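Each chain, written out:
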Amino acid sequence: MIRKRVVLLLLVVLSAAFAVSCRSRAREVVVYLSIDQVFTEPILRDFERQSGVKVRAVFDTEETKSTGVLNRVVAEAASPQADVFWSGDPVRPMLLVKRGLVRPYVSPNAAAIPPAFKAADGSWTGGAARARLLLVNKNRVKPGELPRSVRDLADPRWKGQTAIANPLFGTTTMHVAALADAWGDDALKDFLRQLKANGCRIASSNGEVKRLVAAGEVAFGLADTDDAAEALHDGAPIAVVYPDQDGMGTLIMPTAVVPLAGPNPEEARRLVDFLVSAQAEQKLVDAASHIPLRPDVKPPAGGKRASEIKTMQVDYARIAGTMERLQPWLREWVGV
Amino acid sequence: MAAGMGWGLALRRREEPLLLVAAGAALAALALLPLVSLAGQLATREALLGASRALSAPRTWALFMSSVGLAAAVTIASLVVGLPLGVLLGRTDIPFRRAALWLHTFPLFLPPFLLALGWFHLLGRGGLAGSAPGARLLFSPVGVVLILALALTPVVTSLVVVGLQAVDPSLEEAALLVAGPRRTSVRILLPLIRPAVALAALVVFSLAFSELGVPMFLRVGVYPAMVFSRLGGVDYAPGEAFALALPLFMVAVALLVVERRAAGRRSFAVLGPRSREVPALRIGRWRPAAIVFAAAAALVPLLPLASLAIRALRGGGFSKLPQWMGTSAWNSLLDAFLAGTLILALAVVIGHAAARRRRGGVGLDALAVLAFVTPATVLGVGLVATWNRPSLQAVYGTSAIVALALAARYGAVGLRTAAVSFSQGSEHHEEAAAIGGARFLRRLGRILVPIHARGLAAAWLLAVVFCLRDLETAVLLYPAGQEPLTVRIFTLEANGPEPVVAALACVQVAMTAAVLAVGSALLFRRKT
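Chains A and B, in that order, give the protein sequences.
All residue numbers for the first sequence refer to my numbering, where the first residue is 1 and numbers rise by one.
All residue numbers for the second sequence refer to my numbering, where the first residue is 1 and numbers rise by one.
This is chain A alone, in the form it adopts within the complex (with noise of 0.2 angstroms):
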């Protein structure tokens, strides 16, 4: 009898994984995101709809947020899986440029994009943006002493009440990098080691800066356009600053489709027209409350154009490469 049971259970089992490796690849194409899944799934199924082509998608966690699927593709390099790498930001993807992991692509749909939020040659193309805020807690800081820098962070007399997120992970690794070309290497490690001087906790993600500022445990900290809108979402006492508008600007980094060298080609080539278009960008900035780039896309309620922001003159190339060559300094400085 048990014997019986085996011999059922197993040849349901083979039969589920008969299944499964025969099922049928015909007109799919494979994503990896670094983008959070609760805003880019629901435009993958309109994709999915709208052409009839299988979307097959990886997401990346809260903890590894850009980095966790990147390293994927590069560790996948040998014989590609992904056919498009949907970006939370335009830098980690020059990683993979240089790793000639690229089939570059220049959509018809990218053209209304300003020329700053995309590569020439077509590697990358930018989306709806998020920028690098401060979220303050209106309970703790008067409305007459709000933060108006990033070198905030590092006042005394704020000490033991700030925080950012791991810098080792996530965009909180493109603005120190960002920081580091604006003021040079030993000014940002000056300005990091003041931080922890200062007490500044070091958040597993930026959600956790919400989470922190949100609930009070510390006066303000560093995150993005959509932990800012969902804070307010949730009726937090929060204040949004946007740092350094009298100065250098604020860091804005654009999303970013980037054509892989998969196994698919055309599809990835109609996964990206439509990734780039308007009606992608207006519901990822519906979605998440992102900066839309393109003139025909309107900004989500009490939010503003990139071109109402003074942003940080950057070249995402250039960030790339001190993004690199910072990381075993900021791991020591992590403490991992």
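Simulated from the structure, these hints should not be mistaken for lab results.
Possibly wrong hints are sitting among the right ones.
What the hints assert, rightly or not - Here are the simulated DSBU-like cross-link-like pairs (lysine-lysine), alpha carbons at most 30 angstroms apart as the crow flies:
no. : chain 1 : residue 1 : chain 2 : residue 2
1   : A       : K142      : A       : K304
2   : A       : K310      : A       : K298
3   : B       : K320      : A       : K283
4   : A       : K298      : B       : K320
5   : A       : K142      : A       : K310
6   : A       : K283      : A       : K304
7   : A       : K159      : A       : K189
8   : B       : K320      : A       : K54
9   : A       : K196      : A       : K159
Unchecked claim - Facing chain B, a subset of chain A residues (Cβ under 10 angstroms, in silico):
no. : residue
10  : V31
11  : Y32
12  : Q37
13  : P42
14  : V55
15  : A57
16  : E76
17  : A78
18  : S79
19  : I202
20  : G207
21  : E208
22  : R211
23  : P263
24  : P328
Remember, it's a predicted structure, so these values are computed and weren't measured experimentally.
Beta carbons: idealized from backbone N, C-alpha and C, even for Gly.
Fit chain B to the known structure of chain A by using the hints.
Then chain B, alone, in the frame of chain A:
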């Protein structure tokens, strides 16, 4: 013709070692080849320099020692609670002890990060019983130790309970003639089950030491996170990650040596049914306190699950499940069933060899344990390097790669369970069949598997449940669009709607409970 017959005869005579070689080769391909492949990435001078720099940095060893301390604290806490609880639930007369054992053990089969998420909804800022001191405690090394101890204590409790069943009743009865229940438990029963305790300590320490999800969620730095930072950070350096994993391998070997020393030759023969039933120990005036202790041990681990359910219910998370769950639950089950079946196939051969102390059997058991304690991220990247080739897309591009990865990581679970089962049976049946001319495959099919069907089914079930709870292995290499439920919960946890994430966590709990319930019902069906 005669030469052909000679070869056939020789092959039949060597069936057992040949089968062991085949199973060993499969295990090595799954667990060793990926590590060798990663070690190969250290072949350049630059990589070697980077690795030696990383290994000689003081902070590397500071973090390593801190992780050892953390895992030791979890192990001690688990032993302190699990040993008396195991005796109480296994041998005394307190009421509802079987139900209490089931409830207490259940969280072991859930991903620890899911329990951390539950505790966060309970004690974190804005939690059901949230407070600033509670949140501070949760997001600290103490919080990590408490959550992991609560998650892993059932390993000790259940192994003690099962170990006690294997104690010769006459020894216990003799002790009770001259001593009370407490003295009998402490002086006679616990020393007799030392091998089971050693095994429990090994498993708890290994799981606590290699845990990544809970410390990362609670923002506590641990050594596996350092290894992970070489794979998840910008400057991807798998060779360096392998070098940083070397101290972990040393810990694994040290643990194995300690366990073997503690268990002696009884490593695998420590668990099993007792030859006859004996009356439960009566604990007299300690009974009320014991009941409170057992009730707390049964109910406290369920608090985070309740908080997840409440969070999901309050936010309408369950109604949004169809929108967010996709095929992830089915993917989880398929991956786990495939991996469990593969593990069982290996466990029948290797577990038997280990239980019978065949040459190579114990070494393969050690290899399986090594893979079990290797950081999942290191093993995962090694598997990508080994299997992601154009000719192997039928494996790498499908659920098969997840099943292989899970089999590599959790092979030890099934192998050890099968070895325990085989070691309970007498060798005489096999010897008699061998003398009668039955070759090994026949003995396996006609005698060993039928006799040990229940033990082997338990090995399969345990392996399946451990694969179901996995996050860290699958997250690195699941095929696009086929993520298991644990991965979907983890990726949606990033800014996803909290009630939906909580509802998905509840689905994971329900799915695990269903697999355990059905499996256990089938396992124990013939007993009643």
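Check your understanding: Under the criterion of a CB-CB separation shorter than 10 angstroms, is V55(A) in contact with chain B as hinted?
Key -> Holds - the Cβ of V55(A) comes within 10 angstroms of chain B, reaching about 7 angstroms at its closest.
**Study point:** Restraint satisfaction for P263(A) [CB to CB of chain B, less than 10 angstroms]
**Key:** Result: holds, 9 angstroms to nearest chain B Cβ.
Review point. Can P328(A) be said to touch chain B, with a Cβ gap under 10 angstroms?
Key: 7 angstroms, holds
Check your understanding: Holds or violated: K320(B) with K283(A), Cα cutoff 30 angstroms?
Key -> 20 angstroms, holds
**Study point:** 30 angstroms Cα cutoff - pair K320(B), K54(A)
**Key:** Holds, because 22 angstroms separates the two Cα atoms, which is no more than 30 angstroms.
**Study point:** Restraint satisfaction for G207(A) [CB to CB of chain B, less than 10 angstroms]
**Key:** 6 angstroms, holds
Practice item. Identify whether the interface hint at Q37(A) stands, where standing means a beta carbon of chain B within less than 10 angstroms of its own. Key: With a minimum Cβ separation of about 5 angstroms from chain B (threshold 10 angstroms), the hint on Q37(A) holds.
Exercise for review: With a cut-off of 10 angstroms on the beta carbons, see whether A78(A) makes it to chain B.
Suggested key: 6 angstroms, holds
Check your understanding: Is it true that the CA of K142(A) sits at most 30 angstroms from the CA of K304(A)?
Key -> 24 angstroms, holds
Check your understanding: Close enough to count: is the Cβ of P42(A) nearer than 10 angstroms to one in chain B?
Key -> Result: holds, 9 angstroms to nearest chain B Cβ.
Check your understanding: Between K298(A) and K320(B), is the straight-line Cα distance small enough, at 30 angstroms or below?
Key -> 28 angstroms, holds
Practice item. Starting from K283(A), check that the Cα of K304(A) is at most 30 angstroms away, please. Key: Distance of about 16 angstroms is within 30 angstroms: holds.
Taken one by one, the earlier hints all hold for this structure without exception.
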